[in-house]
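A.B. asks: Sequence:
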Amino acid sequence: MYTIEWQNEDYLTHTISYGYDKIYPTDIDKIIQAEFPNPQNDPELYNIVVKNMIHGPCGPLNLNAPCMSDGKCTKISKTILGRYKTEDDGYPKYRRRSPKNGGFTAKIRLQGRDELEIDNQWVVPYNPLLSKMFQAHINVEYCNSVKSIKYICKYVNKGSDMAVFQIVQNSEQNNRNDEILMYQMGRYINSNEAAWRIFSFPIHEREPAVQHLAVHLENGQSLLHKDSARKLQANHLRTQH
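Going by our numbering, the sequence shown opens with residue 1, and the numbers climb by one from there.
Among the hints, a few may not be true.
Claimed, not checked - The calculated DSSO-like cross-link candidates involving lysine-lysine, where the alpha carbons are at most 27 Å apart (straight line), are:
#1 K72 to K85
#2 K75 to K147
#3 K78 to K93
#4 K158 to K30
#5 K78 to K107
#6 K107 to K132
#7 K72 to K107
#8 K150 to K93
#9 K51 to K30
#10 K132 to K72
#11 K78 to K147
#12 K147 to K158
#13 K30 to K93
#14 K30 to K147
#15 K75 to K30
#16 K154 to K75
#17 K85 to K158
#18 K75 to K132
#19 K51 to K150
#20 K30 to K85
#21 K51 to K100
#22 K100 to K147
#23 K78 to K30
#24 K72 to K51
#25 K147 to K93
#26 K154 to K93
#27 K100 to K85
#28 K154 to K132
Quick caveat, the hints were computed from the structure, so don't treat them as lab data.
Remember, it's a predicted structure, so these values are computed and weren't measured experimentally.
With the hints as extra help, turn the sequences into a complete structure.
C.D. replies: Encoded structure:
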């Protein structure tokens, strides 16, 4: 099951849920990674991760970042771990090795600042195959709870993005205290979403198809008979009596 939404941004977002019968921590490290790859063994993937999969800057470098709340980042876990770990609530913490434990680093240049060396704390979880295929920002997370289905269905049914807007004319006679004009709300569609809908690309899909089944008590199921069957049944009852 997946849905596509934009969240008032120019790029689209996919939410995907795919099930496995069994998955082990060693499998997680192969499918989802949250650290820099070896720049010597795979320089292509290393450059893609450095360019597209770095979070921030936030924390002490930028306390006013949108992801900050009460002085902490609310988007990704920056805990250094030598192996994959599952929290008590089932939420995963991916392997993020420190440079002393075999992890790699990268140098980035922040706007208005000098070059900065960062470690695996800043890497957004990704899938190596998808990153190489699309060469873009693709965040991949492990969903191990039925709540993920509820999350996807919420985006399917939540409706379009909305925005508060005001139409202003170049005239000195405008009423600046017109609260109706100041707080109009309308549907917000960016150019990419408009093109997506014009070409009738799919917004959400699910596989396999789900068929609604009627639930009933014992011997309380609905029965349908054709008119011809009713006549035959009535004639049969007359012959018995």
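A.B. asks: Which numbered hints does this structure break?
C.D. replies: Structure breaks hints 4, 10, 17, 19, 22 and 28.
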